[in-house]
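Number of protein chains: 2
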Amino acid sequence: MKTIAEAAPLVETKFITLFDDAHPLQLECGEKLSPVTVAYETYGTLNKEGTNAILICHALTANAHAAGINSPDDETPGWWDGLIGEQRAFDTDKYFVICPNILGSCYGTTGPSSINPRTGEPYRLTFPQFTIRDIVAVQKKLLDKLGVKRLATVCGSSLGGMQALEWPIMYPDFCETIIPISTAAKQSAWCIGLNAAARAAIMSDPVWNDGNYAEQPMNGLAVARMVGMLSYRSAEELEQRFGRRRQDPNRDAYAPENPFQVESYLHYQGRKLGKRFDANTYIYLSRATDSHDVTRDRAPLPEVLGSIKARMLCIGVSSDIRYPAKEQKEIVHFCPKARYAEINSIHGHDAFLIEFEQFNAIIKEFMARKSRS
Amino acid sequence: MKTIAEAAPLVETKFITLFDDAHPLQLECGEKLSPVTVAYETYGTLNKEGTNAILICHALTANAHAAGINSPDDETPGWWDGLIGEQRAFDTDKYFVICPNILGSCYGTTGPSSINPRTGEPYRLTFPQFTIRDIVAVQKKLLDKLGVKRLATVCGSSLGGMQALEWPIMYPDFCETIIPISTAAKQSAWCIGLNAAARAAIMSDPVWNDGNYAEQPMNGLAVARMVGMLSYRSAEELEQRFGRRRQDPNRDAYAPENPFQVESYLHYQGRKLGKRFDANTYIYLSRATDSHDVTRDRAPLPEVLGSIKARMLCIGVSSDIRYPAKEQKEIVHFCPKARYAEINSIHGHDAFLIEFEQFNAIIKEFMARKSRS
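Protein sequence lines, in the order shown, are assigned to chains W and D.
Positions in the first sequence are counted from 1; adding 2 to them yields the working numbering.
Positions in the second sequence are counted from 1; adding 2 to them yields the working numbering.
Keep in mind that the hints were calculated from the coordinates and are not lab data.
No experiment lies behind these values; they were computed from the predicted model shown.
It is possible that part of the hints are untrue.
Claimed, not checked - DSSO-like cross-link-like pairs, simulated, lysine-lysine; straight-line CA separation at most 27 Å: (1) D:K331 to W:K328; (2) D:K143 to W:K328; (3) D:K339 to W:K331; (4) W:K147 to W:K311.
As the list claims (entries may be wrong) - Now the stretches of chain W that chain D is said to cover, found in silico as 3 or more residues with beta-carbon under 8 Å: (5) 60-70; (6) 97-109; (7) 156-166; (8) 177-186; (9) 219-228.
No residue lacks a Cβ here, since even glycine has one placed at the ideal position from N, Cα and C.
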């Protein structure tokens, strides 16, 4: 029997409109954008001083629903419910936790699938190409509106980790600490390549129609996701989980209609994303990820990372092939106030959605030291 | 000025028809196939005893043209010209080197793109799904016809290495030695997944039309190749070679029409394969690769590998992510007569097409010991 204490709290996704034509969002590419609606959720209570806030930054295909449940009829908890809540890593008894859907996404925040108020049509490919820094600038505006004066920490994995890393560089006095996970100082050529293959798959789907689709290009999105999954999971995990087992091990091993279980799994994950995500959004967000480079228009890497004043806990995963541990170690190498911690896991890049016990332990310890200091 | 000695020798691709309706090729899946035409090249001279032959097995998208040039007008040497020739690893002064195009390929040997003599139409998806063992069985028939009594060695990388590994298991007294490179005892779940994504890309291309295309599904083939390339090359190599450089570094860094160099490279490689390869063939050959498992219908791995009588040089590449070195070490672990050698290279799985100096040195030494023994 579930007690009140155990039940995930009911939370509402809120919406706020930021920027207007008089004060538009100035993007890095030179274009301006207004208005910008942001979907976000909050957990816990902001203190009077506005200094107990934690910002959670999500990855490529996630949303603002990081914790709790959105409806009594849907018991699916938020994507980081394991880390956000009473007594968890991001303790809602002490902290005011905010998770905004990022700029350019398709879960309530303005992006390529949103209606352009000037035309009454979706932006589609007329949406300006934004960057990680633009995503962070929108988050800052949201925090200002919510009365947040200082962030106790900023945490995210993957694309979320890129945001966490940009925060103390863009707003040096605003972040007490940051916790970038499974991310890099710059997007690597291999990751750009993976994203290029995913984009090519979407753009090759004739349903995509140069971005002007009536329905989602499901096949293209599915192949994009399959390519992604093969870098989100480790070879070891796929081997242990599926090995060479066929869908029906008792049937003819050579029949294409009896695929390997790993094939079925990837096709299933592909279709699942196709049903819940927007193709143009995938293209824009993956390009924003590719744009990530903390040195761009700044200074060499040692100087940029060395200038970070926020204390940092940088977390890597032993089996991550997309953002291998050496990339997080490189960040720590150049940051005098950074500490590296490694999650021991076969789940690869996706470990941040699975290894809650290890993440809770490591982050709790860091947050406790932070409180004492 | 090129001297006669330096010029690559002119070689002719030959064709032979094997199997007939009275004696068809009996495939592992239970189906029969006849006739089977095989395209092949030979270099050097077979001795009277028929015992100085070397079989070269090619990988997924290669062909019978392994060495020399096919025409005075086309100076492109064969794909392994660096290793085959006078004084090279596979020394044509001493050995009779044979490279057949494998069963199911699209470069002269019977495959899905060949005309089915019973219908006058290409086989397309009516072609039976063959396996590595079927490929080897066709090679054996060819060698019998050519008068080869014993193989001094069988060598191949990747899918070619799978053939090399099956040879001494299927024909224990026929191979004196084998040299499998960058391969595995069983195709891993991760590799099956990569192939599944590649097949999904081809099959998602509407031009593919359930295999009944009038022209090649170029977009699908291109995405398949992009996915492949990201596992054939190492992240380190892509980083060194392309890094984060844009096609035009002086133009707006955010414009999608100014892609990263690594994106352009992958798109180029994709188009290049689309122009030279057949889509159904890609599907069949990748499925044959996925079928690879030396234990299938035999015995546990230690027993199957332990039974190999041929001496073995098993070669891995330090940066191969598709068939990591540990998979070759596993083969050697269970083979009493096997030795492991590693190529130190950043070129990953494709190193066998690049690191000729290292391969020549390692293989020459092994072949010299072989001669002395």
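Hints and how they fare:
At most 27 Å may separate the alpha-carbon atoms for a hinted pair to count; K331 (chain D) and K328 (chain W) meet this at roughly 25 Å. This hinted pair does not check out: K143 (chain D) and K328 (chain W) have alpha carbons roughly 50 Å apart, beyond 27 Å. Between K339 (chain D) and K331 (chain W) the alpha-carbon distance is near 41 Å, which puts this suggested pair outside the 27 Å criterion. Straight-line distance between C-alpha atoms of K147 (chain W) and K311 (chain W) comes to about 24 Å, which keeps the hinted pair within the 27 Å bound.
Residues of the segment 60-70 of chain W with a Cβ under 8 Å from some Cβ of chain D number 0, which does not satisfy the need for three, so the listed coverage is violated. Counting residues of the segment 97-109 of chain W whose CB lies closer than 8 Å to any CB of chain D gives 0, which falls below the minimum of 3, so the coverage claim is violated. Against chain D, the segment 156-166 of chain W contributes 0 residues with a C-beta closer than 8 Å to a partner C-beta. That does not satisfy the three-residue criterion, and the hint is violated. For a cut-off of 8 Å, the count of residues in the segment 177-186 of chain W with a CB near a CB of chain D stands at 0, and the three-residue condition is violated.
Residues of the segment 219-228 of chain W lying with their CB closer than 8 Å to a CB of chain D number 5, which satisfies the three-residue condition for coverage.
In this structure, the earlier hints numbered 2, 3, 5, 6, 7 and 8 are contradicted, and the remaining ones agree with it.
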